[in-house]
Every structure is written in C-alpha cells, then in structure tokens.
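Build out the structure end to end from the sequences listed, making use of the hints.
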Amino acid sequence: MYMFVLSQFRFLFAVFCLTAILIFAVYLRDANNRIVYELCRYRADVSQLKQELGAKQLQLESLINPAAISQRLNEFNSDD
Amino acid sequence: MKNARIAIFFLILLIVSFGLLAARCFYLQYYKNDHYTELCLTQQKSLQLWQPQRGVILDAKGRVLAASNRKKIIFAEPRAIEDVKETSSELAPILDIGAHEICRKILEGGNPGFVRIKQDADVLQCSAAVRIKGIGTQTDWQRSYPTGGLFGNIIGFTSRDNRGLEGIELQYDKELSGSGVENVFYADVRRRPICLKEQNGTLADGVGIIMTLDATIQQIARDELQKQYKDFEAESAMAIVAEPKTGAILAMVSIPDFDPGNLQSSEADSRRNRAITDPFEPGSMIKPIVVAIAVDNGTVRKDEKVFCENGNYSGKGFGRINEYRNHRFGDLSIREVLVKSSNIGMAKIGQKMGQEKLYDGLKLFGFGEKVGIELPGEVEGLLRPTSRWSSYSVTRIPYGYELNVTAMQMLQAYCILANGGRMVRPYLVKAVVDNNGEIAQIKRPVPPVGYIIKREVAEWIVQDCLVGVVNEKNNGGTGWRAKLDKWQVFGKTGTANISRIGQRGYEDNSNIASFVAGAPAEDPAIVVFVSVRRPNGRLGKGDSGGAVASPVAGKIIEKTLTYLEKRF
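Residue numbers (this note's numbering), protein chains in the order written: chain A, 1 to 80; chain B, 1001 to 1568.
By construction, these hints were calculated from the structure, which means they are not laboratory data.
Do not rely on the hints blindly, as some may be mistaken.
As the list claims (entries may be wrong) - Capping the alpha-carbon separation at 20 Å, the derived lysine to any residue pairs in SDA-like fashion look like this: (1) B:Lys1230 x A:Ala67; (2) B:Lys1071 x A:Ala55; (3) A:Lys56 x B:Asn1069; (4) B:Lys1071 x A:Ala68; (5) B:Lys1061 x A:Leu63; (6) B:Lys1357 x B:Arg1320; (7) B:Lys1559 x B:Gln1488; (8) A:Lys50 x A:Arg34; (9) B:Lys1105 x B:Ile1073; (10) B:Lys1245 x B:Pro1520; (11) B:Lys1071 x A:Ala67; (12) B:Lys1133 x B:Asp1161; (13) B:Lys1133 x B:Val1115; (14) B:Lys1227 x A:Ala68; (15) B:Lys1072 x A:Arg41; (16) A:Lys56 x B:Ile1073; (17) B:Lys1071 x A:Leu58; (18) A:Lys50 x B:Asn1297.
Following this line, the structure appears as structure tokens:
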C-alpha cells in the first residue's frame, strides 16, 4: 500500500503557499476596502464640487439677472 | 447529620433558585418576548433621513428663479456644553465670529438640543468645530431666489423644512419635492451607525419647472409700474403681459411685492398675487367685450347710431346715468361709444341686448369663473346669475359695475379679442423637466376648439374701435398716452370707483385706474393689462385709467416688443 509522506521541503512549501494565499487574501480585502473608500471619497468630492458650483451659479444669477442689472444701472445713473 | 441537613437545605435552596430563574427566563422569553424584542431593536436602530434636492424653477430663457443648494450648518447642543464661555472662546477663532456673539446665541437659543451658530460654513470650519464638545455640524438644503423680489408673488416661498407654502412652490410642491429615503442603521451606544439594516423609499430629487415668464419682460413691467406706483402714491398696482395666441404669461407683477429670500422683512399683505386674488369692478374696460357680444349676437349693427341723451339718461327702474367727467354726447356710432367711452351708450346697448344674452356672453368670455391659472388662491370674481339681477343691472354691467373681475380674467377676455375671437387659456408653466434636464412633460394647455365671437367682429373691435381709443386723441380717445410711433397700439381705459366695504355706495375720490392694450393691432404679439389702485388724485396729475395706467402700458409694450424683436 502506497503511503503519502511529506518531505520536509514539501511541508515548508505547503506552509509557504498557504501563508502567501492568506497574505494575498488579506491584501485583496484591504485593496477592496481602500478602493471603496477612494470611490466614496471621490463621490463626496464630486458632490461637494457640484454644490459649490451650484452656489457659484446662484451667486452669478443673483448678479446678472435683469432685476440686479436694472438696480445697478439706476444706482450708476443716480451717481452721475 | 447536621451537615447533611444543611447540605439538603442549600441544595433545595439552589434548586428553588434555579427554578425561579428558569421561571423568570420562561416569563421573559415567552410572555415578554415581543416587548423586549421591540425594545432591543429600537435601541439598536438609528434613523437617518436623506432629503432630496428640491427642483429648480426656471424662466422661459433658463434663468434660475429658485434653486436649492446644500449648506453646512454649525450648531451647538447647549445641554452637552459644560462651560459656555470656554466653548465660545474655542469656537470663535474657527468661525471668525466674536466669542460674546456665540455665547449670546447659545444662552438665548431656547432649544437645549439645537442652536444654530453658523449657516453656510466651509469644510475646514466644520472639521475643526466638531472637535469641540457640544458642537456639531449638519448639512441642510437651502432655497435661494436669485432674482429677489422680481418673481416673489408668483414663485412664492418654502418653509424651513422645504415645503412649498405659496405660489408655484405650493402649487407644484409634490413635483418639486421629490422623494426622500429613510435609512435604518444598527447603531452603537453613541447612536453612530454601524451597518445598514433597511432602506425605506427611493431617493429621487424633485423635478424642474420651466415657466412661460421672461425675467427681462418682468423687469420691464415691474420698473415701469413701480415708477407710476410711487409717482401717484398709489395703494397697489399690477401688470400682466401675455401672448394672446398661446395664452403664455410673459410677466405678472403685483406691487407691493416681497423678496422670498427675506420673508421676515415683508408684510403679509405684500405676499398676495393681486392679479388673481383681488377682484374689482372693471369700469369701462368691459365695454369692448359687451359691444363684441352685442354685435356678434346681432343686437346692434356696426354702423348703428345710439343717442346718448346729451349726458343725462334716467328712467323708471334704472335710476340716473351720467357720462364720465359729465360729457354731453348726442348721436354716437357704436365705434364712437367705445372711443369716447360713453356710459349712456353702453347702458342702452345693454338694455337692447337684455339680461340673458348679456349674461351668457360674459360667461363665454370667462367672467364669473376661475381662469385656471396654475397658482393657488385664484378667485372667481362675481357675475351673479340673472335671477339675482336688479332692474339696474342690465344698464350698469355694460359699463363695468355690478360685476367683479380679476386682472387675469380681464386679460383673458382681451386675449380672446386679440386672438380673433378664439378661446385662450392663460398659463404660466411651460414644461416640467426631469433630473437629466430632459423635458418630461409639456404643460401648455390644449387650446379649446371654437370661437367665442365671430372673427370679423373681434378684428373690428381690435383693429378699428380699440385702435381709435389709443390713436384718436382729437376724437376723444382716452388711451392716447399709450400711442407709439413704431407699432399700432389698441387698448381701452377703465376708471372705476371703489365700493365701500359693508356699506352701500362708492368711496369719494378713490378709484382703480386701469388700461388693457396690445400691439401690433394687425397681428397682436402681446396684450398688456395695467391697473393702479387708489392713485392720489390730489397730486394734480389725474387719476383716470388714461392718465395713470395707459402711459405705463405704452412703455411696457414699446420695450417688450423691442426686446422680442431683437430676440429673433
């Protein structure tokens, strides 16, 4: 009857592989977390930039709308 | 023996204790299971509401009239602050606000859980502020109205929790609001979310609304009206500009107005949109409508003459009727009755037409019922059924008394005349756009089929009679101040007394000066309604529709048509 006996080298190789797989799994999990974090951060940044853009647009609208222009023209004419 | 007894006693005690514990466990697990499960879940759960962004409101050219933006708020929780002075001193350099000011806000805030310290804070300020005990941040939507008071009476405003309370904001609240999400989290002991348990609803931002209004035309109308309102020390004033062919409202001004972004400084009275909420007796403005009805149903012919009794008409059952400014007219053609604005001529046309035809005609023009404009608070005006008419009514209604109309109803009636007698429904909202900017719904009402009056009658009234009112000063035309060189303007003045509240009769020296006009007469592009309430006649500048309202309408027409010409 054939019996499978691990040599010392094979045993070390198996332990090494197992450890490598474990380290790789941990790395993958960490990378996954990091990427999700980056994604969320970029999303938050985009949202923040959109809000800032919206605020700037509203500021601009309040400066260039016909009522504001008319008011400034009146002030300008009265200064003259 | 004694030890054995003690051992048995403790054994029994142990068994009884375990028995009691088991019973208690059974009681808690079996009978109180639901109660403690619920208690446990409530303790574990933390709710977080995600509010959607409220939809934007744009004018016809895409200018922003109302929009929401996220603002970061820094707040204090007074019950969690041990030393208010120390907290204020720590916070002051971060927010660049005086420590005493922060201290005052916290102490006078009133709410032990929330005192707003700074609105619209930046990210750095927020991250520094939250490190201080008792200080927190939150983001909230804030509604902005970049055009200030220009559209206040139409757009309306929202509450602090972003619900529409007035105007378009209220009328389209459901569409503008969108739908929020309620996230249920498992929370730790400090109520911080650990992981999502369930999500109720779907986050959908509110849709956008595109109005038919044009901010430039609105500003033109507001500027001109405001000048006259101040010059004549009037109580209030309103103006509407519309496209007669489509019914699209290009401008709608009601003065006094208010800035929806600064509600605290406005009075409740100034928040009303008078064009749809304030009915009034129209005076002579109704005359072209009545003449159109009379000519259309064959009561009078265009070339017929009416004897105007030399300015004094009286009879049994309808009292005495005089002309405005005590004019004494003899024989007048139907056209002259309109150009010279004869009350007696109109009373006679009313008598000849009879109650039923007059009532039916006015109903067809939309008086006595809501126009159906997309704004809350519209009133129907007052056109009583003929069963409630007195013997005076048939002689008074033809020159604008004993009925109440809104500015919008009057504008609609003139749009019908300018549109060749075809029905027109005024509208304010052009389209609804989704979150990607695509048009989701066209809101223009389907134009009703059919004519209210014959085309040739409407054209005769507009292109002949009403052109005469504006262009024939020497023939007694009352609207000559609205005459323009470049375009042929048509229009009709109206000067109506104001009835006493709760009493019979009319107030002395108080009136509503109005003017409805349009241009160009051969193919009207716009119709303008202007009305000024209680102009001060003692200033010596006049207080009639011709003196007060017609110059404003003329200027609005001139500037608007110039603007529309340059637009294409």
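Verification of the supplied hints:
1. Pair hint B:Lys1230 plus A:Ala67 holds up; C-alpha atoms about 18 Å apart against a cutoff of 20 Å.
2. Between B:Lys1071 and A:Ala55 the alpha-carbon distance is near 9 Å, which keeps this suggested pair within the 20 Å criterion.
3. Of the supplied pair hints, the one linking A:Lys56 and B:Asn1069 holds, its CA atoms being roughly 10 Å apart against a limit of 20 Å.
4. At most 20 Å may separate the alpha-carbon atoms for a hinted pair to count; B:Lys1071 and A:Ala68 exceed this at roughly 24 Å.
5. With a CA separation close to 16 Å, the supplied pair B:Lys1061 and A:Leu63 stays within the 20 Å bound.
6. Proximity of B:Lys1357 to B:Arg1320 is assessed by CA-CA distance (about 23 Å); at most 20 Å being required, the pair is judged violated.
7. With a C-alpha separation of about 14 Å, the suggested pair B:Lys1559 and B:Gln1488 falls inside the 20 Å cut-off, and the hint holds.
8. Of the pairs offered as hints, the one joining A:Lys50 and A:Arg34 is violated, with about 24 Å between alpha carbons and a cut-off of 20 Å exceeded.
9. The hinted pair formed by B:Lys1105 and B:Ile1073 meets the criterion: a straight-line CA distance of about 14 Å does not exceed 20 Å.
10. The straight-line distance between the Cα atoms of B:Lys1245 and B:Pro1520 is roughly 13 Å, inside the 20 Å bound, and the hint therefore holds.
11. Restraint check for B:Lys1071 and A:Ala67: not satisfied, since their Cα atoms lie roughly 25 Å apart, outside the 20 Å limit.
12. Restraint check: the Cα-Cα separation between B:Lys1133 and B:Asp1161 comes to about 27 Å, which exceeds 20 Å; the hinted pair is violated.
13. Between B:Lys1133 and B:Val1115, the direct Cα distance comes to roughly 14 Å. Compliance with the 20 Å bound is thereby established for this hinted pair.
14. Taking the CA atoms of B:Lys1227 and A:Ala68, the gap is about 17 Å. The hint holds against a cut of 20 Å.
15. Annotation: proposed proximity of B:Lys1072 to A:Arg41 holds, straight-line Cα distance about 18 Å (limit 20 Å).
16. Restraint check for A:Lys56 and B:Ile1073: satisfied, since their Cα atoms lie roughly 18 Å apart, inside the 20 Å limit.
17. At most 20 Å may separate the alpha-carbon atoms for a hinted pair to count; B:Lys1071 and A:Leu58 meet this at roughly 13 Å.
18. Restraint check for A:Lys50 and B:Asn1297: not satisfied, since their Cα atoms lie roughly 62 Å apart, outside the 20 Å limit.
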